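Chain B with the ligands: place on chain A using the hints.
Chain residues, written in single-letter form:
There are 2 protein chains.
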Amino acid sequence: MSASARRLSLNLFIYPGGHHEAAWRYAASDVDHLLDIDFYQKLARRAEQAKLDGIFFADGPVLADNIRFAARFRLEPITWLAAIATATSRIGLIATASTTYGEPYNLARLFASLDHISKGRAGWNIVTTSAGLAAQNFGLSEHPSHADRYGRAQEFVDVVTKLWDSWEDDAILLDKKTGIYADDTKIHPIDHIGRHFRVKGPLNTPRTPQGRPVYVQAGASDDGRSFAARYAEAIFTAHQTLANAREFYADIKRQAKALGRHPDHIKILPGISPFIGSTEAEAQKLHDDFNELVQPEYSLHQLKRMLGIDLAGHDLDAPFPSHLINFDGAQAVASRFKVVLDIVDREKPTLRQLLHRLAGARGHWVTVGTPEQIADRMETWFQSGAADGFNVMPPYLPGGFDTFAEQVVPILQKRGLFRLDYEGTTLRDHYGLPRPESVYGQQARATA
Amino acid sequence: MSASARRLSLNLFIYPGGHHEAAWRYAASDVDHLLDIDFYQKLARRAEQAKLDGIFFADGPVLADNIRFAARFRLEPITWLAAIATATSRIGLIATASTTYGEPYNLARLFASLDHISKGRAGWNIVTTSAGLAAQNFGLSEHPSHADRYGRAQEFVDVVTKLWDSWEDDAILLDKKTGIYADDTKIHPIDHIGRHFRVKGPLNTPRTPQGRPVYVQAGASDDGRSFAARYAEAIFTAHQTLANAREFYADIKRQAKALGRHPDHIKILPGISPFIGSTEAEAQKLHDDFNELVQPEYSLHQLKRMLGIDLAGHDLDAPFPSHLINFDGAQAVASRFKVVLDIVDREKPTLRQLLHRLAGARGHWVTVGTPEQIADRMETWFQSGAADGFNVMPPYLPGGFDTFAEQVVPILQKRGLFRLDYEGTTLRDHYGLPRPESVYGQQARATA
Ligand SMILES: Cc1cc2nc3c(=O)[nH]c(=O)nc-3n(C[C@H](O)[C@H](O)[C@H](O)COP(=O)(O)O)c2cc1C
Ligand SMILES: Cc1cc2nc3c(=O)[nH]c(=O)nc-3n(C[C@H](O)[C@H](O)[C@H](O)COP(=O)(O)O)c2cc1C
Numbered sequence: 001m002s003a004s005a006r007r008l009s010l011n012l013f014i015y016p017g018g019h020h021e022a023a024w025r026y027a028a029s030d031v032d033h034l035l036d037i038d039f040y041q042k043l044a045r046r047a048e049q050a051k052l053d054g055i056f057f058a059d060g061p062v063l064a065d066n067i068r069f070a071a072r073f074r075l076e077p078i079t080w081l082a083a084i085a086t087a088t089s090r091i092g093l094i095a096t097a098s099t100t101y102g103e104p105y106n107l108a109r110l111f112a113s114l115d116h117i118s119k120g121r122a123g124w125n126i127v128t129t130s131a132g133l134a135a136q137n138f139g140l141s142e143h144p145s146h147a148d149r150y151g152r153a154q155e156f157v158d159v160v161t162k163l164w165d166s167w168e169d170d171a172i173l174l175d176k177k178t179g180i181y182a183d184d185t186k187i188h189p190i191d192h193i194g195r196h197f198r199v200k201g202p203l204n205t206p207r208t209p210q211g212r213p214v215y216v217q218a219g220a221s222d223d224g225r226s227f228a229a230r231y232a233e234a235i236f237t238a239h240q241t242l243a244n245a246r247e248f249y250a251d252i253k254r255q256a257k258a259l260g261r262h263p264d265h266i267k268i269l270p271g272i273s274p275f276i277g278s279t280e281a282e283a284q285k286l287h288d289d290f291n292e293l294v295q296p297e298y299s300l301h302q303l304k305r306m307l308g309i310d311l312a313g314h315d316l317d318a319p320f321p322s323h324l325i326n327f328d329g330a331q332a333v334a335s336r337f338k339v340v341l342d343i344v345d346r347e348k349p350t351l352r353q354l355l356h357r358l359a360g361a362r363g364h365w366v367t368v369g370t371p372e373q374i375a376d377r378m379e380t381w382f383q384s385g386a387a388d389g390f391n392v393m394p395p396y397l398p399g400g401f402d403t404f405a406e407q408v409v410p411i412l413q414k415r416g417l418f419r420l421d422y423e424g425t426t427l428r429d430h431y432g433l434p435r436p437e438s439v440y441g442q443q444a445r446a447t448a
Numbered sequence: 001m002s003a004s005a006r007r008l009s010l011n012l013f014i015y016p017g018g019h020h021e022a023a024w025r026y027a028a029s030d031v032d033h034l035l036d037i038d039f040y041q042k043l044a045r046r047a048e049q050a051k052l053d054g055i056f057f058a059d060g061p062v063l064a065d066n067i068r069f070a071a072r073f074r075l076e077p078i079t080w081l082a083a084i085a086t087a088t089s090r091i092g093l094i095a096t097a098s099t100t101y102g103e104p105y106n107l108a109r110l111f112a113s114l115d116h117i118s119k120g121r122a123g124w125n126i127v128t129t130s131a132g133l134a135a136q137n138f139g140l141s142e143h144p145s146h147a148d149r150y151g152r153a154q155e156f157v158d159v160v161t162k163l164w165d166s167w168e169d170d171a172i173l174l175d176k177k178t179g180i181y182a183d184d185t186k187i188h189p190i191d192h193i194g195r196h197f198r199v200k201g202p203l204n205t206p207r208t209p210q211g212r213p214v215y216v217q218a219g220a221s222d223d224g225r226s227f228a229a230r231y232a233e234a235i236f237t238a239h240q241t242l243a244n245a246r247e248f249y250a251d252i253k254r255q256a257k258a259l260g261r262h263p264d265h266i267k268i269l270p271g272i273s274p275f276i277g278s279t280e281a282e283a284q285k286l287h288d289d290f291n292e293l294v295q296p297e298y299s300l301h302q303l304k305r306m307l308g309i310d311l312a313g314h315d316l317d318a319p320f321p322s323h324l325i326n327f328d329g330a331q332a333v334a335s336r337f338k339v340v341l342d343i344v345d346r347e348k349p350t351l352r353q354l355l356h357r358l359a360g361a362r363g364h365w366v367t368v369g370t371p372e373q374i375a376d377r378m379e380t381w382f383q384s385g386a387a388d389g390f391n392v393m394p395p396y397l398p399g400g401f402d403t404f405a406e407q408v409v410p411i412l413q414k415r416g417l418f419r420l421d422y423e424g425t426t427l428r429d430h431y432g433l434p435r436p437e438s439v440y441g442q443q444a445r446a447t448a
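So the sequences go chain by chain: A and B. Just so we're aligned, residue 1 is where the first sequence starts under the UniProt record's numbering, counting upward by one. Just so we're aligned, residue 1 is where the second sequence starts under the UniProt record's numbering, counting upward by one.
Quick caveat, the hints were computed from the structure, so don't treat them as lab data. Just so it is clear, the structure is predicted and the values come from calculations on it, not from any experiment. One or more hints might be untrue.
Identical chains blur together in the list; that is why a pair holds if it fits in one copy or across any two.
Stated by the list, open to error - Straight-line C-alpha distance at most 25 angstroms; calculated DMTMM-like pairs for lysine to aspartate or glutamate:
no., residue 1, residue 2
1, K119, D59
2, K200, D148
3, K304, D183
4, K177, D30
So that you can see chain A by itself, here it is in the shape it has in the complex:
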């Protein structure tokens, strides 16, 4: 494998219990330890043994309303990843955090800590929070509009970027003799005054190993795409078909280029949820076994989040009632709405069939087959302009990931598509991203 060959980026997307919505009911799921840090440390170590780029936790500051039927609580990603950091040494640690329900100074500190603690492995999945009910936990009568959320998100990212840059790399002198600990001309107030925030700075922590965490984004609306093209260094995305994934890929790379960015510095990573069997029939059986465990009451709840309408009471075995759905940006999640419409158009499913289609991974690509078949499909997406890698979403844990790591990863490695070992130590190294210079350092050099 030559050093310059283009290679896949692979993350393990960890959902407590696994990604299939009924995963916790599956016999081989280990769900007795979902609050035990040891469980996640072991999982991260296995992902590191398989040389994955990173692990990733989603997040939202509100409890899902269907906890009765599934393990839908949340682990606060930054603290859990800080505790996982010290049990690993190479793998990237990507935490989701909201720009809608937090303060930039506080969030900048949390991620700076994660980057220091992990010695340069932090990534931030920047979200505006898809779960509107979060508003009620923060004194708001309603979730801010999509446009307002993205407006605040931009300013939020600008502020935290300045905070992470506020210490130049060489600010600490540590001169015991003269008594000068730091060169305070290299520590800059940011003096930010904007529409949403006034933040003086500087940050109260020295610059981190990566300079800044890797910026990850997962928006799919037009606002989301242009935000991603401008800021993201990796993009998580959900597609059901190669064609849709290619359209998204081309659009983002084009927008990034138009903004003067190098397209290789934005990794596009669709989700993939693999059901793996040693034969096709065995894989299909595994997939069927999971769908046996699905509870329509729960699935309809999930569908409601995607579409904004409640189909409870409808005949599960009649055709999906397409005439009832209508995109309402306030209630529905734009990206998932499109995914659902697309399935309905192509497959004309019954309501139950649609629920089963979505149960695997909430609209992400579910693929069923042998290790060779899964590797083939990944290679096709990778080689035909649809993906720079994948967010791997095992249907259940830890077995669903073990199978992928033991059976699919070696095939990808043999084909020269995936690394045999890490070449660097930071998440930026794994993704092939440059380490940014502090904007203040740049300015200082420019005027020198």
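Leaving out everything else, chain B with the ligands in the frame of chain A:
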């Protein structure tokens, strides 16, 4: 040592570089690793070997303005302690966090994580933030008044308490067969509507091993004392003399009793910064060596924070100009102001002498002597109604703590004043505090 004997509680208070303000310049200080998690993990493991109750980090969301002369950056305590949690198994982990500059829902999540990750060892030092400059990092033109900060603090603590109680202990059923993951009648919205916060809840994480983190407080004003008497399970405090410590101790225990609380359920822990030598002369020499390294420019900055006035330019070797100082609550820190006044009254120092007196531990009790002498003094405070234990503040790290652990702790153990081994696994166990029941569980049982 009988199981029921009253014993000391001891925490290691970790300040990057150590507590003496010139610690970082001392030859034996390890200050090359202040951003390295391994350094803190090792320190915590040593404290655990010495059977201490906990380790503690202070905090404030702003950079000190005298970073030029000392290692005054901050590590965000919750993330650092999450990373330390997994390298230890018994020792308590106490993080400072502000009620003035954060949202209750976010903070409740961070501490719930720390308590889960550490399997029941989290403590929260509840502060209203003493550094007024923090306001500028959060869009405020000025630090809210003392009364407003304490008003918000009370409501903040009420909200997070309800959030931590919002899941009853037995809410998770995990019944794979019936498909019921959680009994949602045991997960309660909190529906809080108050002057500062509107929070619907419930928290998005199951109840933690300790139910709630241990509540620690460090206020010294009248508001601070009554807040502590009501909420605190441990109190950090700064006293220079046995008499002052006894007055404080008696006042808090009296107030707590008046509120119907058991006085043993509030541990009062003054700071102690020990300079230890094998002879008195050697200990004195160590103390003098540190004061040689003091930089008056830095010390005057520190004094300004305590008193609210700037004495730069005054003759260091003239008597301290007491006539200039005047308590101004807006600028000065109440508790430290009293400490300084007290030293000035008793000792009539020059300005330089005062700076040296305060350099050791920012107004905390600095004590210089042999291990036996230090143990004697601790015993006196413990046995005469001045302390239930101490916050140990080593002048430098790690050596300043090693000496204490190796030379003073064994004496305290031999005298039956300190545990030979842990008897429980949580911080509540170490402090002898009960595990609180969820208020919602209580209500449910009362109406059943
Ligand atoms: C892999 C992936 C992970 C996501 N994780 C989160 C998350 O953790 N929290 C969240 O609020 N939204 C999450 N989202 C949703 C996006 O942030 C975004 O809200 C959604 O894709 C809709 O796009 P839009 O906001 O541009 O309309 C995720 C999306 C994807 C594809
Ligand atoms: C041991 C100790 C540690 C403290 N740590 C902090 C801290 O980390 N952050 C902070 O803002 N204040 C801290 N304080 C200050 C107190 O929270 C409080 O602001 C101060 O004692 C003044 O009391 P008052 O607020 O009641 O006037 C600490 C005090 C003590 C005694």
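Copy assignment of K200 with D148, given that the CA separation must stay at most 25 angstroms: Classified as both; 23 angstroms inside a copy, 22 angstroms across copies.
K304 and D183: within-copy, between-copy, both or neither at 25 angstroms Cα: Close across copies (22 angstroms), not inside one copy (55 angstroms); limit 25 angstroms.
K119 and D59: within-copy, between-copy, both or neither at 25 angstroms Cα: both (23 angstroms within a copy, 22 angstroms between copies)
Is it within a copy, between copies, both, or neither that the alpha carbon of K177 lies no farther than 25 angstroms from that of D30? Between. Shortest inter-copy distance 15 angstroms satisfies the 25 angstroms Cα cut-off; intra-copy 56 angstroms does not.
Going through the hint list in order, the structure satisfies each hint without exception.
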